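Participant: Sequence:
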Amino acid sequence: MSSWKKCKLRDILELKYGKDHKALKDGNIPVFGSGGIMRYADTSLYDDESILIPRKGTLNNIFYINEPFWTVDTIFWSKINTKGAFGKFLFYQLKTIDFANLNVGSAVPSLTTKVLNEVDIYLPPLEEQKAIAEILSSLDDKIDLLHRQNQTLESLAQTLFRQWFIEEAKEEWEVGTFGDLVEVSSGKSLKRELFDDMGKYEVLGANGKIGKTNEWLFEEKLIYTGRVGTLGNVFLIDEDKKVWLSDNTLVVKPKKYFYFIYFLMIDFQLKNLNVGSTQPLVRQSDLKNIEILLPNDEIVLRFEQQSKNIFKKINQNKKQIQTLENLRDTLLPNLLSGEIILK
Numbered sequence: 001m002s003s004w005k006k007c008k009l010r011d012i013l014e015l016k017y018g019k020d021h022k023a024l025k026d027g028n029i030p031v032f033g034s035g036g037i038m039r040y041a042d043t044s045l046y047d048d049e050s051i052l053i054p055r056k057g058t059l060n061n062i063f064y065i066n067e068p069f070w071t072v073d074t075i076f077w078s079k080i081n082t083k084g085a086f087g088k089f090l091f092y093q094l095k096t097i098d099f100a101n102l103n104v105g106s107a108v109p110s111l112t113t114k115v116l117n118e119v120d121i122y123l124p125p126l127e128e129q130k131a132i133a134e135i136l137s138s139l140d141d142k143i144d145l146l147h148r149q150n151q152t153l154e155s156l157a158q159t160l161f162r163q164w165f166i167e168e169a170k171e172e173w174e175v176g177t178f179g180d181l182v183e184v185s186s187g188k189s190l191k192r193e194l195f196d197d198m199g200k201y202e203v204l205g206a207n208g209k210i211g212k213t214n215e216w217l218f219e220e221k222l223i224y225t226g227r228v229g230t231l232g233n234v235f236l237i238d239e240d241k242k243v244w245l246s247d248n249t250l251v252v253k254p255k256k257y258f259y260f261i262y263f264l265m266i267d268f269q270l271k272n273l274n275v276g277s278t279q280p281l282v283r284q285s286d287l288k289n290i291e292i293l294l295p296n297d298e299i300v301l302r303f304e305q306q307s308k309n310i311f312k313k314i315n316q317n318k319k320q321i322q323t324l325e326n327l328r329d330t331l332l333p334n335l336l337s338g339e340i341i342l343k
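Be aware that the sequence shown starts at 1, since it is given in the numbering used here, and climbs by one per residue.
Treat the hints as calculated values from the structure; they're not laboratory data.
It is possible that some hints are incorrect.
Think about it this way: if two alpha-carbon atoms lie no more than 25 angstroms apart in a straight line, the pair counts; the simulated BS3-like pairs of lysine-lysine are [claimed, not checked]:
hint	residue 1	residue 2
1	K242	K188
2	K221	K253
3	K114	K83
4	K83	K16
Simulated DEER-style distance windows between Cβ atoms [to be verified]:
hint	residue 1	residue 2	range
5	N103	I290	37 to 45 angstroms
6	E127	D240	46 to 54 angstroms
7	S189	Q305	14 to 22 angstroms
8	R39	K5	38 to 46 angstroms
9	E134	K16	24 to 32 angstroms
10	G35	E127	52 to 60 angstroms
11	K191	D98	34 to 42 angstroms
12	N103	K191	36 to 44 angstroms
13	L194	L126	39 to 47 angstroms
14	W216	K22	36 to 44 angstroms
15	E339	E127	31 to 39 angstroms
16	I340	N66	34 to 42 angstroms
In this text, all values refer to a predicted model and were calculated from it rather than measured experimentally.
Even for Gly, the Cβ is constructed at its ideal location relative to N, Cα and C.
Based on the sequences and whatever the hints tell you, model everything.
Facilitator: So, in structure tokens, the structure goes:
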């Protein structure tokens, strides 16, 4: 590591503030907040390679982007000094830093340019930076490919659902309510001190994973969606695993069918059930009272079997993704500390 040079983040990264996005029209340019992509707009804030670092919220969500983008004011964007640093290498090095330890906020976790500019960065020669980044990027590319395969597979099952149960719905099917098929409850708040980055179980909210803990609330197959705050996302847990579902979720346990219920909920457009004023809210009763057509058992069971086969492949891909992520995360600190020397 003798050839590695120590510098400050300010020497290789010029941090910039994001801007409000509300006046932007819809388009195909990603708009980032500290949680990731919020929407797509027609205007970019910057068109070149950049690293995005949260200013408020989830401080360890670092993003790399090499296409036009927009950021809101909860996340910094940056201009990279490419004479001293290779962008993708710098991104991976920043991923090894626990920015939560640099938090200067009280109620809301926050970072400032003053604090970030003083972060120590260690850089090998540019060619070595590129070689390290290529190794890690190749793993990320494989992970991304598997994620895209899973999206394609799920889209296939959803297309099948819409064809069989929406487009080809039969007049003789009975009318019922969603509550005839499911039990609905709310998740439970988890005390802040019980969150643990090294915890064994995922904490899940209206937007998906929000942390880890050593406590758990459910250990069964279930479906969940947002109750308050972010509405409309529907998530499926189709294996028995221990998780904690936060109090901003609605927990749906199918009485009979599983994948049919999942895609039915996606088709509901749950954002339309919002009754909140200051913030979006969905009531259990409104979800259970949605009128639906009840297909005969034969066709639903056929759909369940086909979906089961599709999601079996999806879960195999998820396990492969986990293996690749573990390999990447093991290599990451060793490559970026100089312990593994590339020749």
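Participant: Quick check on a hinted range of 36 to 44 angstroms for W216 and K22, using CB atoms only.
Facilitator: holds, 39 angstroms
Participant: Holds or violated: 31 to 39 angstroms for the Cβ distance of E339 and E127?
Facilitator: violated, 19 angstroms
Participant: Are the Cα atoms of K83 and K16 separated by 25 angstroms or less?
Facilitator: Given that 25 angstroms is the threshold and the Cα spacing comes to 19 angstroms, the pair holds.
Participant: For I340 and N66, compare the CB-CB distance with the range 34 to 42 angstroms and indicate the outcome.
Facilitator: violated, 25 angstroms
Participant: Taking 46 to 54 angstroms as the hint, is the beta-carbon distance of E127 and D240 inside that range?
Facilitator: 49 angstroms Cβ-Cβ, so the 46 to 54 angstroms window holds.
Participant: Take the C-beta atom of R39 and the C-beta atom of K5, compute their distance, and say whether it sits inside 38 to 46 angstroms.
Facilitator: This hint holds: roughly 40 angstroms between Cβ atoms.
Participant: The hint says 37 to 45 angstroms between N103 and I290; measuring C-beta to C-beta, is that right?
Facilitator: holds, 42 angstroms
Participant: Is the distance from the Cβ of K191 to the Cβ of D98 consistent with 34 to 42 angstroms?
Facilitator: violated, 22 angstroms
Participant: Given the range 24 to 32 angstroms, decide if the beta-carbon distance of E134 to K16 lies inside it.
Facilitator: holds, 27 angstroms
Participant: Using the beta carbons of N103 and K191, state whether their distance is inside 36 to 44 angstroms or not.
Facilitator: violated, 19 angstroms
Participant: Regarding L194 and L126, is the given constraint of 39 to 47 angstroms on their beta-carbon distance met?
Facilitator: The hinted range 39 to 47 angstroms holds for L194 and L126, with Cβ atoms some 44 angstroms apart.
Participant: Between K242 and K188, does the CA-CA distance stay at or below 25 angstroms?
Facilitator: Holds. K242 to K188 sits at ~14 angstroms (cutoff 25 angstroms).
In summary, the numbered hints that this structure violates are 7, 10, 11, 12, 15, 16.
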